[in-house]
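Given chain A's structure and the hints, the job is docking chain B onto it.
Sequences listed follow chains A and B, in order. Just so you know, we're using my numbering here: the first sequence kicks off at 1 and counts up by one. Just so you know, we're using my numbering here: the second sequence kicks off at 1001 and counts up by one.
Please keep in mind that the hints were generated in silico from the structure rather than gathered at the bench. Please note that a few of the clues may not be correct.
To be verified - Pairs of lysine to aspartate or glutamate, EDC-like flavour, derived with a Cα cap of 20 Å: (1) B:Lys-1200 - B:Glu-1190; (2) A:Lys-224 - B:Glu-1106; (3) B:Lys-1489 - B:Glu-1286; (4) A:Lys-238 - B:Glu-1330; (5) A:Lys-242 - B:Asp-1342; (6) B:Lys-1345 - A:Asp-248; (7) A:Lys-242 - B:Asp-1351; (8) B:Lys-1283 - B:Asp-1249; (9) B:Lys-1325 - A:Asp-248; (10) B:Lys-1248 - B:Glu-1441; (11) B:Lys-1325 - B:Asp-1281; (12) A:Lys-242 - B:Glu-1341; (13) A:Lys-238 - A:Asp-248; (14) B:Lys-1268 - B:Glu-1341; (15) B:Lys-1189 - B:Asp-1241; (16) A:Lys-242 - B:Glu-1309; (17) B:Lys-1030 - B:Glu-1014; (18) B:Lys-1029 - B:Glu-1224; (19) B:Lys-1200 - B:Asp-1381; (20) A:Lys-224 - B:Asp-1351; (21) B:Lys-1230 - B:Asp-1452; (22) B:Lys-1445 - B:Asp-1420; (23) A:Lys-238 - B:Asp-1241; (24) B:Lys-1200 - B:Glu-1441; (25) A:Lys-232 - B:Asp-1351; (26) A:Lys-242 - B:Glu-1330; (27) B:Lys-1489 - B:Asp-1452; (28) A:Lys-238 - B:Glu-1309; (29) B:Lys-1276 - B:Glu-1313; (30) B:Lys-1127 - B:Glu-1179; (31) B:Lys-1376 - B:Asp-1420; (32) B:Lys-1216 - B:Glu-1463; (33) B:Lys-1333 - A:Asp-248; (34) B:Lys-1030 - B:Glu-1190; (35) B:Lys-1325 - B:Asp-1277; (36) B:Lys-1248 - B:Glu-1286; (37) B:Lys-1245 - B:Asp-1420; (38) A:Lys-238 - B:Glu-1341; (39) A:Lys-224 - B:Glu-1378; (40) A:Lys-238 - B:Glu-1286.
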Amino acid sequence: MQNNKNSSKLKMQASRIMKSKGMGSFTATLLAILLGLLFGFIVMLIASPANSFNGFLTMLTGGFGRLGDVFYFATPILMTGLSVGFAFKMGLFNIGASGQYTFGMFFALYVGMMWKLPTGIHWIACILAGMIGGMLWGFIPGLLKATMNVNEVITSIMFNYIGMYLVDMFVTNNASMYVPNLTRTGYLPTTAQLPSLGVPNSNVNVSVILAIVIAIILYIVLNKTTFGYELKATGFNKHASKYAGMNDTRNTILTMIIAGGLAGLGGAFAILAPTGITGSSMTYEPINVIAANGFNGIAVALLGSSNPVGIIFSALFVSHIQRGGTQVSSFFGYKPEIIDVVIAVIIYFSAFAMIMSSAVGRLLKKRSRKEAVKELEQTLSSEDDSLKEKTEV
Amino acid sequence: MDNYVIEMLHITKEFAGFKANDDITLQLKKGEIHALLGENGAGKSTLMSVLFGLYQAEKGKILKNGEEVTINNPNDANRLGIGMVHQHFKLVEIFTVLENIILGVEPNAMGVLQKKDARKKVIELSKQYGLQVDPDAIIENISVGMQQRVEILKMLYRNNEILIFDEPTAVLTPQEIDELIEIMRGFAKEGKSILFITHKLNEIMSVADRCTVLRKGKYMGTVEIKDTTKEELSRMMVGRDVSFKVQKDEPNIGEVLLSVKNITMPSKINKKNAVKDVSFDVKAGEIVCLAGIEGNGQSEVISAITGLERVKEGTVTLAGKDITKLNIREKTKTGLSHIPEDRHKHGLVLDYSLEENMVLQRYWQPRFQHNGFIKKKEMRDYTEGLIKQYDIRSGHGPTSSARGMSGGNQQKAIIARELDKEHELLIAVQPTRGLDVGAIEFIHKQLVATRDAGKGVLLMSFELDEVMNISDRILVMYEGEIVGELNPKDTTVQELGLYMSGAKRSRKEKGHAK
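The following block holds chain A by itself, in its conformation from the complex (with noise of 0.2 Å):
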């Protein structure tokens, strides 16, 4: 008997830290990271046994060796994961932000490419650009949302490809723009290129320093303004707001063209970026394939539980792994399709881990609240009295 006292008070000690909110998802992220890491290591077995140790030990730190990479590649699914993680904050599924990407991209590179504007000031209009083109983007599935009730999983999908389609054809029919015999638009002038943080062999530029100041900012506007308790309070419980005059109409396009423009922002920083030749930048290729920056904006947002801190986190992470197997399929012999299947299964199992963790702790919360409901000798009210729904079974 004593014994079982002690294990219960060990119990209730154990599930006290688990319960504090941070620790818990913290917890629950780091065991879908290493959930993850299992089954790319299980494909990696597979597809070599020999090299998989090696492999798979390169895959872990070889992003380490190339700091500045992981932070340039981070950018872009920073913002389209802040751009999915706000969305869901207020319960709406921006499935779109590829295609709110691939318009920001356009944006700004019609920007860069086609106005003429002073040094120093250029590159920021473009980066402008690019986020009123991902809010364009943005703002016409919330419109449908809000107004005819559309859902917006459904119309931002589609937004994905007449987004990809209509870039694809603006690009190729603009002439200054667009090189045929490379297929591909040419270098921006350099007023448009987005300065370098000068880090050797990488093209890691100021960009990475705006979007982690714009996940900052967006936790400041989640946690501390009217707005953002109304985006909660609406993701939480949409009834709730309604009953408390909230303009759910309102909100609901505002947070489709911040989550838009955010995306936007995550193409115009891809697209702006200087590479290692100078002169030279990146260039859209119109091969009629959707951006797969903004799907990875969705397991980056799981991953980092939709909190903008959390998804520079979860960002930096998925960089990380991706550079560490560009590694593995260089020095390894492993096919680099290979290596893409390692990495999928890594962030997708990681992200769908986390659902599923986050799931099971739910349940276990609710277990726990019960437990702390009894425990404070409080009254349950007959109709959520949890004892009648075990009653139930």
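Just chain B now, with coordinates in the frame of chain A:
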């Protein structure tokens, strides 16, 4: 000892160190109606779950006819002849009455369902006990009262001898309650034993033979009903004296505050109108109650006034201002406070903390925000004030999650929020649903105090005691119309029941009644 069919001796059940049941003894005699009384959270449900095999007690034993038995799951309970009518019925909505009754014990020959014998048995049982049902009706089409009869027949079909009724009267009209009580008496006469869980003292006094009282998981004693009084029972249950009669003086009625004119609202479930051309007034300083059986249009009237649904036809005027088409925020500003029917759906953001919920209607006011930034300190101080004033209990004060609070305290929080905000009219929809007597007493006092402060109160309630005790005027709704306007002083619960069931009507719902 021999005449007890079921004995639960010294039952202790712990949850993570907290004793939900602490040394509880319950002895049920053959052929008696035994009430189990206690506030919400007193441990009634836990005790019944132990009896039903859903939980295993850490200590104590269960005897059936003097022999110790182990009950590990509901099937064991069933085999021992224990049956239960849950408060929320466990019926398959799209099945017929007969299919529901035989569910789980389907008579079959080689896997082929044999309904014929089952039907005969069900019809016999329903005749024998006066439980009228149509075996072929679909559950979702029959009344709540009939659904309950189906649940009872389920127990009888399984030859259960020990029948547990979990708050069976909560959903019934007074007439249906009388019928149920007759049926229960019939069972007792047949030698069946009944456990009757409730917190309504009147029903215990009228039907039970003995009563076991629990308080905060502890056994308070078992009393013979004929030797006790309502007051004594409530003292045992709550631990202090509770006043049942709400203390209130004559209303000091002022100007018309709320004027509803010719409101028509569509139904959500069919093409008919849920509210048909309804008009009424609420004046300053009075409590007007919308009474009626659930689903007769009261909720829709409330939604029309509060703005949760768009008004199809008609106008709503509050304090001289036409608010029919205003959005909810504007209505709130005009002086409307609203304790919503569903506190989890509308009243609270459960994932928010208590303090975040306390400013749900006011976060936009300059007091709580500056340039769009929420003043956290002001929010916390404000919440702490309300916690003190309204005695809202929660684990971590203002930062407790609303989800983790008990139903009674959640409701207190909503009431505190709605009463503290500037308002002329308070709309309270089922403000005491599912709460125990202590909390009910508190809320009733608040409603009366609001009235005495010269505000108008529109109350919607299914609890007839509440309707009769609290209101200054009763409007009875039946099938979307107001069929009666009654003064609680000149009417009886029985008469009210007749109006509610549509058997009687006095008020033609035409034009504008006073």
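Okay, the hints, checked on the actual structure:
| no. | hint | verdict |
| --- | --- | --- |
| 1 | B:Lys-1200 - B:Glu-1190 | violated, 25 Å |
| 2 | A:Lys-224 - B:Glu-1106 | violated, 59 Å |
| 3 | B:Lys-1489 - B:Glu-1286 | holds, 14 Å |
| 4 | A:Lys-238 - B:Glu-1330 | holds, 18 Å |
| 5 | A:Lys-242 - B:Asp-1342 | holds, 13 Å |
| 6 | B:Lys-1345 - A:Asp-248 | holds, 16 Å |
| 7 | A:Lys-242 - B:Asp-1351 | holds, 16 Å |
| 8 | B:Lys-1283 - B:Asp-1249 | holds, 16 Å |
| 9 | B:Lys-1325 - A:Asp-248 | holds, 17 Å |
| 10 | B:Lys-1248 - B:Glu-1441 | holds, 13 Å |
| 11 | B:Lys-1325 - B:Asp-1281 | holds, 18 Å |
| 12 | A:Lys-242 - B:Glu-1341 | holds, 14 Å |
| 13 | A:Lys-238 - A:Asp-248 | holds, 8 Å |
| 14 | B:Lys-1268 - B:Glu-1341 | holds, 17 Å |
| 15 | B:Lys-1189 - B:Asp-1241 | violated, 35 Å |
| 16 | A:Lys-242 - B:Glu-1309 | holds, 10 Å |
| 17 | B:Lys-1030 - B:Glu-1014 | violated, 29 Å |
| 18 | B:Lys-1029 - B:Glu-1224 | holds, 12 Å |
| 19 | B:Lys-1200 - B:Asp-1381 | violated, 38 Å |
| 20 | A:Lys-224 - B:Asp-1351 | holds, 16 Å |
| 21 | B:Lys-1230 - B:Asp-1452 | violated, 29 Å |
| 22 | B:Lys-1445 - B:Asp-1420 | holds, 15 Å |
| 23 | A:Lys-238 - B:Asp-1241 | violated, 41 Å |
| 24 | B:Lys-1200 - B:Glu-1441 | holds, 13 Å |
| 25 | A:Lys-232 - B:Asp-1351 | holds, 9 Å |
| 26 | A:Lys-242 - B:Glu-1330 | holds, 12 Å |
| 27 | B:Lys-1489 - B:Asp-1452 | holds, 19 Å |
| 28 | A:Lys-238 - B:Glu-1309 | holds, 14 Å |
| 29 | B:Lys-1276 - B:Glu-1313 | holds, 9 Å |
| 30 | B:Lys-1127 - B:Glu-1179 | holds, 14 Å |
| 31 | B:Lys-1376 - B:Asp-1420 | holds, 18 Å |
| 32 | B:Lys-1216 - B:Glu-1463 | violated, 25 Å |
| 33 | B:Lys-1333 - A:Asp-248 | holds, 18 Å |
| 34 | B:Lys-1030 - B:Glu-1190 | holds, 10 Å |
| 35 | B:Lys-1325 - B:Asp-1277 | holds, 17 Å |
| 36 | B:Lys-1248 - B:Glu-1286 | holds, 11 Å |
| 37 | B:Lys-1245 - B:Asp-1420 | violated, 25 Å |
| 38 | A:Lys-238 - B:Glu-1341 | holds, 16 Å |
| 39 | A:Lys-224 - B:Glu-1378 | holds, 13 Å |
| 40 | A:Lys-238 - B:Glu-1286 | violated, 33 Å |
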